[in-house]
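Given chain A, put chain B in place with the hints provided.
2 protein chains.
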Amino acid sequence: MRAVILAAGEGKRLRPHFSGPKPLVRLLGLSLIERNILALRECGINDFVIITGCYSSEIQDHLGNGSKFGVNITYLHNPDWELGNGVSACTFRKNYRQGEKFILIMSDHVFELDVLKAFVAEAPNINEDELLLAADRRLKSVYDLGECTKVKAEQDFAVKLGKDLRDFNTVDCGLFIGTGALLEALSEAISQCRYTLTDAVNILAGQRKVKLHFVNGTWIDVDDLPSYRHAEKILLQSLVPPKDGLVSRVLNRRVSLRITKLFARTSITPNQVTFLSFLISAASAVFFAMVHPLYGGLLAQLSSILDGVDGEIARLKFLKSNYGGLFDAVLDRYADFLIVLGMAYAWCSKAENSLALLACAATLTGMPMSMLLKEKFHALTGKPFIPESYDGILRYLPANRDGRLFIIMLGGILNLIPATLILLATVTHLQALARLYNARKLM
Amino acid sequence: MRAVILAAGEGKRLRPHFSGPKPLVRLLGLSLIERNILALRECGINDFVIITGCYSSEIQDHLGNGSKFGVNITYLHNPDWELGNGVSACTFRKNYRQGEKFILIMSDHVFELDVLKAFVAEAPNINEDELLLAADRRLKSVYDLGECTKVKAEQDFAVKLGKDLRDFNTVDCGLFIGTGALLEALSEAISQCRYTLTDAVNILAGQRKVKLHFVNGTWIDVDDLPSYRHAEKILLQSLVPPKDGLVSRVLNRRVSLRITKLFARTSITPNQVTFLSFLISAASAVFFAMVHPLYGGLLAQLSSILDGVDGEIARLKFLKSNYGGLFDAVLDRYADFLIVLGMAYAWCSKAENSLALLACAATLTGMPMSMLLKEKFHALTGKPFIPESYDGILRYLPANRDGRLFIIMLGGILNLIPATLILLATVTHLQALARLYNARKLM
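Heads up: the sequence lines are chains A and B, in that order.
Residue numbers for the first sequence follow the numbering used here, so the first one is 1 and each next one is one higher.
Residue numbers for the second sequence follow the numbering used here, so the first one is 1001 and each next one is one higher.
Chain A extracted, bound-state conformation (with noise of 0.2 angstroms):
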């Protein structure tokens, strides 16, 4: 399936606040247009078709011919962009393959990547004639409501749709699964002088032949200045995810949030922000073996932030690798050893020292045992971990590594290093023998 995408507006109202044409307005470290190509990618879209008008060239400069995304990308340039975007998407027309399904999208929409997936993932369940529209009907949630399109809905159908619509149950996200059937009616509307998209939707909305998805997920339309900054927040929001640690949720992404919306203006990647966490994490081992406790037990906890920052740019960016994967797996696993080592290496040096053995062999032994057990039941079984709905009540030690990092700070502010130890062999031990227990009923 292709995707055209519509970047032939002028997008005044975000003129005074950026320079250049909309579509290449950067948000959180990609242009609007680079974002929507690189999500529907993941969504397994390779053919693109960008609808150029206003700043035909400046957009073709940009994006090339799709090569550095690894997608492939053609122009079709609408001259007549001022009459309306019905006539943007009619320029389509010449390009299109009879019997072909396309997506049509907004190039300053931006969506979560969930929702596009669901969204594509519709395509097969429409007829040839029909149309499919992506439709918000929380209407108590959705951004500047007075600017977007209302949708009359009968179950799950478009009947009328209009931005002064007063009889409305849902409003158009602007994004369509698309036939001949909507090329067919923009002709018509174009005929009678009707030049906007909408002005087409409602020929087939008036047939019973525009299908309505009901969107989950959150989107938006960039228009100004406040729906830029909601986009922002949506996307940060919707780095987080599911199964975070409850250190990580309540403490860690407040500030690993602000970290990554700073670090996505720059070209730093997450395989950099790894070994960055792992910098700070061997920082934090030296001056714990320095008996500098208190820099140690922060640097720590910073180390835990950074940890999760790699992971909200790869997401952010879409630059997920299984290698990202891996090396932040083995890099943790090092930076835990050289923690643990510096905290032992203090000890020793003041105190009885087959304790301080026992203590650092003991938790050196539990810290990776979280994520072997986790592994390892996923490569035996082919079904993942999932720590929720499998570790009962003790979901809630502080044995994951956002867990035991925090543990690592306070133990460093508060100068218990034995006591520390102590503690993170005893939580990471009961975690993973209980682990082995439960699993005897789920495997």
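I should point out that these hints are in silico values taken from the structure, not numbers from a laboratory.
For clarity, every value in this text was computed on a predicted model and none was experimentally measured.
Please note: incorrect hints may appear among the correct ones.
[Claimed, not checked] Covered stretches of chain B (in silico footprint by chain A; criterion: 3 or more residues with CB under 8 angstroms from a CB of chain A, positions within the stretch not fixed):
#1 1319–1326
#2 1331–1344
#3 1362–1368
#4 1376–1383
#5 1429–1441
[Unchecked claim] Keeping only pairs whose Cα atoms sit at most 27 angstroms apart, straight-line, the calculated DSSO-like set for lysine-lysine is:
#6 Lys383/A x Lys1374/B
#7 Lys383/A x Lys1320/B
#8 Lys12/A x Lys211/A
[Unchecked claim] Here are some, though not all, of the chain A residues that point toward chain B, as calculated from beta-carbon distances under 7 angstroms:
#9 Leu338
#10 Ala361
#11 Thr365
#12 Leu380
#13 Thr381
#14 Tyr437
#15 Lys441
For each residue, glycine too, the CB sits at the ideal point set by N, CA and C.
Chain B in isolation, oriented as in the chain A frame:
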């Protein structure tokens, strides 16, 4: 698909050596017929029809309705079993369901599991009037060729069969996928007073309806004491996994297969062996800590050998379970921890402490890395990590568990604890870092 097992014969030649009917003769902990039922269950077969004759009630008492194996067993009795195995096979006629394909297997034949799996997978490729026969054309390695039924093959079809055939190029393994055509051929042969299965197969061979499937693994017809001994050997050899470590292949398996042979006759479970191996590691740790490195080292190696026995018994007696895999993975990590801790304790008690601490910590961090990298790689890519292909020259590094415990044994015998810990730390981290580096190109 259902399986029909012929278990009607008398088994005269094994009678002097074993009491009871031949299908119930125990071989490495399972009776011959049990082994075939369990092996076919692994191939996805859940419904069995057993044709009894000479020892009808003994066999039924032993196997019951199959519920203890998680399968369904139906029995058909052939009072005329003495006439020949064709008459026994024809007994299935009254139970046959129009159009079905079925596996026909002799209760006293032993097949490597992979041979059965590959054969069963061929079932969809034969026509409804054909017969599929497992055949072995590796004549030099066939056991007791004189006793085998010879087959003259042209391409993939048998044209003539017989025990005394002179012009032959392959032999009959006694394993079939039959259709209604086989039952008709059996009736026809019997009406001509030709009572063996080979008689009926010859009728179909004359019509070019006996397709051949050439086996790649080992199999044997257990007829007398030498073939019984040979079957034991074949089965034990088939337990060695292809991706064995070097120490394991060269040293451990030679001992572990003997222990497995011994344990197979008892009701010891794989998980019990896993736990025994762990206890021996714990004892090794105590000896190291008490500065008896010789015993410590030898016990560590014994634990490494037993670490292979659990899996061998599981495969041999079809007791493999996901939980067993996880239990083994976790207990191995704990065993490693105890041994290293014992060694470090001994070192600490008589020498410079901070180096001992560093070596202990580095070893404990390095040891789980081997498994952790493999499992994480698998979880991320969906592909298993194959050390032979991915580790390059470092695949000879003794960083896997068999190699590590071998180093520990040597270190104990030579009383070189510090050097052993430093070596362990070096090889494990070298492997981990090399894997991380190599994985870049593979993920």
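Evaluation of the provided hints:
| no. | hint | in the structure |
| --- | --- | --- |
| 1 | 1319–1326 | holds (count 5) |
| 2 | 1331–1344 | holds (count 7) |
| 3 | 1362–1368 | holds (count 4) |
| 4 | 1376–1383 | holds (count 6) |
| 5 | 1429–1441 | holds (count 4) |
| 6 | Lys383/A x Lys1374/B | holds, 17 angstroms |
| 7 | Lys383/A x Lys1320/B | holds, 18 angstroms |
| 8 | Lys12/A x Lys211/A | violated, 32 angstroms |
| 9 | Leu338 | violated, 9 angstroms |
| 10 | Ala361 | holds, 5 angstroms |
| 11 | Thr365 | holds, 4 angstroms |
| 12 | Leu380 | holds, 4 angstroms |
| 13 | Thr381 | holds, 5 angstroms |
| 14 | Tyr437 | violated, 10 angstroms |
| 15 | Lys441 | violated, 9 angstroms |
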